[in-house]
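Engineer: Given next are the chains, with one letter for each unit.
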Amino acid sequence: MSLLEVKNLEVSFALRHGDLVALNDVSFTLDKRERLGVVGESGAGKSVTGFAVINLISKPGRISKGEILFDGQRLDQLSEKEMREIRGNRISMIFQDPMMTLNPVLTIGTQMVETLKAHRKISTQEAREIAISKLELVHIPSPERRLTQYPHEFSGGMRQRIIIAIALITEPAIIIADEPTTALDVTIQAEIMDLLTELCNSQDMGLMLITHDLGVVAEVTERVLVMYAGKIIENAKTADLVANPMHPYTKGLMNALPGHGTCDRDNRLQQIPGSMPNLTEIAPGCSFHPRCDFCQDICKETAPELRKIAGSGDRLVSCHFPVGEQVQ
Amino acid sequence: MQTRRQKFKKSYLLYSFKRDKVAMVSFSILALLLLAALFAPLLAPYNPYDPTVIDIMDSELPPSWMEEGEPRFFLGTDIQGRDLVSTMLYGLRISVLIGIGAVILQAVIGISVGLTAGYLGGKIDAVLMRIADVQLSFSTLMVAIIVSAIVQLSFGVGRYEQLAVPILIVIIGIAEWPQYARTVRASVLGEKNKEYVEAARVVGLDSRRIMFSHILPNTLSPVLVISTVQVANAVMSEAALSFLGLGMPVSKPSIGSLIDAGFEYIFSGAWWITFFPAVLLIVFILVINLLGDWLRDVLNPKLYKG
Numbered sequence: 001m002s003l004l005e006v007k008n009l010e011v012s013f014a015l016r017h018g019d020l021v022a023l024n025d026v027s028f029t030l031d032k033r034e035r036l037g038v039v040g041e042s043g044a045g046k047s048v049t050g051f052a053v054i055n056l057i058s059k060p061g062r063i064s065k066g067e068i069l070f071d072g073q074r075l076d077q078l079s080e081k082e083m084r085e086i087r088g089n090r091i092s093m094i095f096q097d098p099m100m101t102l103n104p105v106l107t108i109g110t111q112m113v114e115t116l117k118a119h120r121k122i123s124t125q126e127a128r129e130i131a132i133s134k135l136e137l138v139h140i141p142s143p144e145r146r147l148t149q150y151p152h153e154f155s156g157g158m159r160q161r162i163i164i165a166i167a168l169i170t171e172p173a174i175i176i177a178d179e180p181t182t183a184l185d186v187t188i189q190a191e192i193m194d195l196l197t198e199l200c201n202s203q204d205m206g207l208m209l210i211t212h213d214l215g216v217v218a219e220v221t222e223r224v225l226v227m228y229a230g231k232i233i234e235n236a237k238t239a240d241l242v243a244n245p246m247h248p249y250t251k252g253l254m255n256a257l258p259g260h261g262t263c264d265r266d267n268r269l270q271q272i273p274g275s276m277p278n279l280t281e282i283a284p285g286c287s288f289h290p291r292c293d294f295c296q297d298i299c300k301e302t303a304p305e306l307r308k309i310a311g312s313g314d315r316l317v318s319c320h321f322p323v324g325e326q327v328q
Numbered sequence: 001m002q003t004r005r006q007k008f009k010k011s012y013l014l015y016s017f018k019r020d021k022v023a024m025v026s027f028s029i030l031a032l033l034l035l036a037a038l039f040a041p042l043l044a045p046y047n048p049y050d051p052t053v054i055d056i057m058d059s060e061l062p063p064s065w066m067e068e069g070e071p072r073f074f075l076g077t078d079i080q081g082r083d084l085v086s087t088m089l090y091g092l093r094i095s096v097l098i099g100i101g102a103v104i105l106q107a108v109i110g111i112s113v114g115l116t117a118g119y120l121g122g123k124i125d126a127v128l129m130r131i132a133d134v135q136l137s138f139s140t141l142m143v144a145i146i147v148s149a150i151v152q153l154s155f156g157v158g159r160y161e162q163l164a165v166p167i168l169i170v171i172i173g174i175a176e177w178p179q180y181a182r183t184v185r186a187s188v189l190g191e192k193n194k195e196y197v198e199a200a201r202v203v204g205l206d207s208r209r210i211m212f213s214h215i216l217p218n219t220l221s222p223v224l225v226i227s228t229v230q231v232a233n234a235v236m237s238e239a240a241l242s243f244l245g246l247g248m249p250v251s252k253p254s255i256g257s258l259i260d261a262g263f264e265y266i267f268s269g270a271w272w273i274t275f276f277p278a279v280l281l282i283v284f285i286l287v288i289n290l291l292g293d294w295l296r297d298v299l300n301p302k303l304y305k306g
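One line per chain: the protein sequences are E and R, in this order.
According to this note's numbering, the residues represented by the first sequence are 1 to 328, in order.
According to this note's numbering, the residues represented by the second sequence are 1 to 306, in order.
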């Protein structure tokens, strides 16, 4: 059994003119030590997936269908109080902007100790010692002194490390990282990613990495979910996906990366024409069909199922005509 | 590692304080007055609460530099023969006590209500803030008068005189909490959508903890500023109530009841009984308000004047 299993998850937001389905039939699993990437454009439902796992979808949103199983426990059915025991304790989350996620008026020591004391019955002194050890784990020099400092005394990369240290402090089984490096520059980005990878291995954690950067996904993760308009459209091992994207959208994303596919110095970067549809006005059929180069009549009428593709291992693709599928 | 003292020496707060003459003068006067109030029993030449040292023959003596004035009583005496300097010092003590006590009570009620309303929102917010609005639609003095009349009736005048200080604290505290509630709620609304609050929820903290240890410290600067003004307001409310005869009893006068006591004699020539306490009250309120203005400018970087 997997550590985290999401089955047929549907999240909808109650709006004035009816429900808006932000996540539609999303299923995936995450194992111990596994690093799972979730990619897609803004508004594809990546972050909502992350928040759904910790049952923290803000109103008027709600989980309207499906199950979230963590260690065999139905997270979607827990009460708020029971959920608080899981949140930040067994499943931690890291956000995009390290400038914003630390409370500016509390020392980082206070914030770390507080997190730990919310979940464990220990003395402040013990909590401080654990906090120091976690700061060492994320390679912060002279942690004892750092504990008494305020967030403004740290650089962006340091703050993100501290946020990771706070996420690690309760030794969680899963870390959900929601675009953890988007606000950081490229060298710091690489450091943070290396750190997360290292920690997954040394701390036996599962990592769910939400990002729109395929480059990061290719480097860090083992498996990728590609999301589009609230659905998973491709679920594959990272190596397979990078080598051979099967959904036309994934292929388009890969082609849009400099130095990939048909792109080189002399050619223009390829782009996917158009933009993702607004979730309130998704056309019938495949939600990607208006932008797809391979669109046929069936694509405009019937939405494709997420199905196993023969001869490609455990890869799942939601397309009538996956790129490179052997046609009988 | 810097000590707190070193940090304070380098702080912007101290720097701007040193550059602002008004703030420095106000602060010195305020400190002087507060010290005088605190050490009134040591400084005052007489104990105005001790009936054995009061002689009715000394009543209505003018200040010592005037004709008929006696050097024993520098600012003269009141109608009961009490030394005005001593009575004013003791009165200031009572006024300050009531002012600060009432502000603490206001702050406790107002901050709790404001935080809860702002953070939880929805129906709770609507109900709590409508209560505050209803109360604000009355003049605070009117609320205070109604409450104090009820309290005086239910306790009886004799008991009331003994319990006057705590009762006045409660009355003024209840009358002015909506100021705090509104200020705090407004800043909470600005803070609660910031990412650190979301992060605190993700970490698994409960609402009460997020409200009090994460959001509250971030809303403290407006609270500090209104606190200074509210102390002045509370002292004034107490003076007004006393002036109307609903405040401190004559046997234990505050500044306000001193002004009131002397008011009847102002046209019979004994102007000093009202005049000196009134000057003291005005100076006290003025320096607090000036300090409050300075604090508001310092804590609000948008008003930074370079």
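Treat the hints with care, since some could be wrong.
DSSO-like, lysine-lysine: derived pairs with alpha carbons at most 30 Å apart [to be verified]: (1) Lys117/E <-> Lys194/R; (2) Lys81/E <-> Lys192/R; (3) Lys308/E <-> Lys7/E.
Source of the hints: derived by calculation from the structure; they are not laboratory data.
Engineer: Hint by hint, note whether the structure agrees.
Structural biologist: Hints and how they fare:
Proposed proximity of Lys117/E and Lys194/R is supported: the alpha carbons are some 23 Å apart, at most 30 Å. A hinted pair counts as satisfied when its Cα atoms are at most 30 Å apart, and Lys81/E with Lys192/R qualifies at roughly 20 Å. Taking the CA atoms of Lys308/E and Lys7/E, the gap is near 16 Å; set against the 30 Å cutoff, the hint holds.
Taken one by one, the earlier hints all hold for this structure without exception.
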